[in-house]
Amino acid sequence: MQSLTTTFTRPEGLQDVVTHYCPGCTHGIIHRLVAEVLDELGVRERTLGVAPVGCSVLAYNYFNTDFLESPHGRAPALATGFKRLRPDMIVFTYQGDGDLASIGMSEIIHAANRGEKFTTIFVNNAIYGMTGGQMAPTTLAGQVATTCPMGRDTGKTGMPIRMCELLSGLVTPAYLERVAVHFPQQIIKAKKAIRRAFQYQIENKCFSLVEVLSTCPTNWGKTPAESTHWVEENLKSYFPLGVYKTPEGAK
Amino acid sequence: MAKILMKGNEAIAEAAVRAGAVNYFAYPITPQNEVGEYLARRLPEVGGVFLQAESEVAVGNMLFGAASTGKRVFTTSSSPGISLMQEAISYMAGAQLPVVLLNIMRGGPGLGGILPAQSDYFQATKGGGHGDYRLLVLAPSTIQEAVDLTMLAFHLADKYRNPVMIIGDGMIGQMMEPVEFPDSYTEPELPPKTWAATGADGRKPQVVKSLFLDPIALEKNNILLHEKYQAMKREEIRFECYKTAPKNKILLVAYGTMARICQTAIDELEGEGISVGLFRPITCFPFPEEALYAEATKSNIETVLTIEMSMGQMVEDVERVVARQRPVKFFGRTGGIVPSPEEVIQQIKQILASGQPTKVKV
Ligand SMILES: Cc1ncc(C[n+]2csc(CCOP(=O)(O)OP(=O)(O)O)c2C)c(N)n1
Ligand code: SF4
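Line by line, the protein sequences are chains A and B.
Per my numbering, the first sequence starts with residue 275, numbered consecutively.
Per my numbering, the second sequence starts with residue 228, numbered consecutively.
Check before you lean on any hint, since a few could be wrong.
Quick look at which bits of chain B chain A covers, simulated, 3 or more residues with Cβ under 8 Å [unchecked claim]: (1) 273–285; (2) 291–303; (3) 313–319; (4) 417–427.
Please keep in mind that the hints were generated in silico from the structure rather than gathered at the bench.
Positions of the beta carbon are idealized from the N, C-alpha and C atoms, including for glycine.
Here chain B stands alone, though its shape is the one from the complex (with noise of 0.2 Å):
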């Protein structure tokens, strides 16, 4: 299929219909919601369901209920309406239902602002509700891959009977870039989800739940979703190395639009004779640990840099991963400041020059 300019949050919306996800449940939020307004037409036409719910409280649970019935249902939202769904995602991953939520992050805490963030990973990759759980989180960095990677989410939800976050930020939402559909959609077949909810017809009936008041039964089903998780650790690792050669000295690590930044940047250094690789996990939980050390520990890297639309989040698995093996610093801007290439360069150029990144002076 010829490629078509599309706006990031429309392409999302396109690749869910393409995946077969017809039924959509969703609250009203900006910067994603040309996502919404695009289903409310979309969807009737190939007869799935839109339904603008009352409250994402309302949307998680109503996926939940969708879900239950077996069939493909999603939602999208930003930063503060994916803090109200997290109930129904702890209910949800403790009942193994398969869904895909979309956070478009914007700057936070609180109402913070309304442009693009990346400070709602420790939320998606390290549980956000209640209870032993993980989500499986996909970070893409253009809106091609987007469409392809919300195409695999719905097939990834539906294998490990878990709900898979795509974390994207308000510049892959409102960008606009040119992308290519799939002429025809196959993917790997799944065992028939004998779990849904379909009416007790010459069978027992069939609950779904995440109560287990017996113990033993909780831990059980603990340990169940654990190993799932360790399953995706095997399984779905996702990432993508740039320009990683033999003479860098600083292995740039980031995610999403930051890495997108970082590639521009790596590119213009080049122009000038340095030479920078990035390391970017399209995977953010599970974690691309063995291939980050790998890369981090090679023996001309000196300095890791992490750079993050936040605070220092995802920083924080980079340290865990690379374990003191080499420095690691960090570099990020918030409140919906996005760096530039040239703050990236700088930042680069300090550590080549000190091995001290600057601070950011506000």
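Same shape as in the complex, but just chain A (with noise of 0.2 Å):
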């Protein structure tokens, strides 16, 4: 008889626990693939993760690493300011399209373009997941949203956000990349890219931000599976997939 062995393993970068996500919510996805590159570039013992208000905002409970727990949109902010006074260590914030994209506009950007040397991965699902459904800065032009219930009219509140496009405006050189996780080799890329905006940031080479298309089955009112539908049908289109920015200057 054949021996068993373990071939998928927990990164060591994420604590053996249950997360609250809810079934289908692709945030856990995302953890894995940040825990994974943490592990295979060996930096998870000399990381700090900032923690936003959002769904994610216990994701100190699920990774290995030290982490501070920020106001609504200001993890840039904590970011630069430990990154500033640690430059030996490895810090990453992980936020929302509501914490990012609305309340901490001013925090981002103006961390990127300071070049500072930590890691973003801001998680696109086009709504306020953790406060139950309201409208995002990314809530899809007639997309319905508990505080607009008749779907988004960008006539009143504008169009939805793109990030990678507005901060790749920037002059300052820094890693921009839009993926996704809603099929196998979205998720395989999602973790090229990830891997990629940390070695920028452990060569000192530039701010980096990974904004991943994630999903929000609970509050977009869809299944598991008709929510990545949704992602490839409707927020792919408005939000291209690519590379926005690379420190080289070439895509």
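Fit chain to chain and form the complex, with the hints in mind.
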């Protein structure tokens, strides 16, 4: 008889706990990708994460690294303060779209523009998950949310904000890429991007941000399967995947 | 070390460096810009971090991140800027982070003006941001004292793992006076900062946070904070009595620049044969309750007169402490108007004549 071997294990970067994320939510996949990258780069023991306010507010219970829990939207400011004093450490912020693109817009733009040497994992699910499905700055035109029950009226609320495009307008060198995690081949690409972002940080090259299109079945009012298709058919076409900026200039 | 002539803002900046605080985050605002300008030159010399942030909202939060390393960090600002930092101050108090903040107060509310004021006393001593927390609040009245209290502030912040605020005003910031820095600076030893985030290398992950979703845990944190504030009340009360004497009928209560002006008034009145004393809180939180009560209720004291550069903020603490044992009168000017010693003298003479301070006529 052949002996059984474990081929799929929990990365050291994650704690052995059950998360509170809803079924079909891709926050969990993104956590895992970050943790795998920290393991592979061998930096877990000198990493600091900064958790946002949003569904991933408890990220500090899931990652096996030191963590700060930030006020809503201010993670890039906390990360700046920490990293400036500890340039030898690896620092990342993990933020939702309400956190980063609404209340924290000023902090992320200025951190990116100063070229702060930390990495931002920007989880864009086009809605406020934690507070119960209100409109986010990234909510699509016509998308229904609890504070736009008739669908987002862009005549009154403007068009959804594309963060990678917006930040790529800054002159300071940076690494910006938008990825998704709704299908396996996307997950593989997403991990590569996250790895590249941390690699730039390790080399002390530049600010790096990976925007990950994520799902929120609970507040989208969809099944997990429907949600992945909704990312493919709707989110992806307004938020094109790809590399938006590299410190080398070329894509 | 010999005395050197320095502007208040620069002396405070140098004092921080001497206390080993070489990490500074700030946003420009009058009347304290000299602090940042001094440190922009000075901190690179000592291997520190100087960063001009995009806003005071960011400053407060940068301090949160920076203080989490366990190193000494600080900022300086003035009233409108301090208002914007209240979010982070509340979070830092909740997460028990040591940090020092200097508020060179200017007239408010709103954009107000840029001249000296003491109208942020409530904000500094009663909370300021949301939640059950206190800052340890120090109020210097000379530049030498600003230097000494700045150095002490970092020690107290570390000792209590709590934000410490120094409240000065435009006079303290802008005035030039001879100051002396200690030749060598030593402070009582403090426990190692085992709470700092330094990387989960051979230990469990460290989390610096103010979030406690479990109500029992949150109440526990609030009780822990409360116990620290009680300890401050036992151990950190600071005040000064000036020319308090058994023949005095009036006790003045004032802090900071205003206390200094009262001292001048007291000296002048002495020449006229009128004896008045001053009680000067140096810590505004913890407020020197017992000491003030003892002074105010001495049998010779007939009236307590509180003087502030505000419409009356500390006077509420004075009233609370004196607890109707003596009449508490108030005199104040605002808008950046600093009462002159003559105005103070007039108030005192008025009380002695009629028992009432005069109304301010504008
Ligand atoms: C200052 C402040 N304002 C509002 C809130 C309430 N709040 C908590 S989470 C959240 C939105 C989070 O949405 P997002 O960043 O998109 O993350 P998600 O939950 O979707 O992952 C809001 C508005 C808060 N905690 N603090
Ligand atoms: S509410 Fe949405 S974002 Fe939050 S955990 Fe559930 S599915 Fe995920």
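Here is how each hint holds up against the structure:
1. Proximity of the region 273–285 of chain B to chain A, defined as three or more residues with a beta carbon under 8 Å from a beta carbon of that chain, is established by the 7 residues found.
2. Counting residues of the region 291–303 of chain B whose CB lies closer than 8 Å to any CB of chain A gives 8, so the stated coverage by that chain holds, three being the minimum.
3. Proximity of the region 313–319 of chain B to chain A, defined as three or more residues with a beta carbon under 8 Å from a beta carbon of that chain, is established by the 3 residues found.
4. Restraint check on the region 417–427 of chain B versus chain A: 4 residues with Cβ-Cβ distances below 8 Å, three needed, restraint holds.
Every hint from the earlier list agrees with this structure, and none is contradicted.
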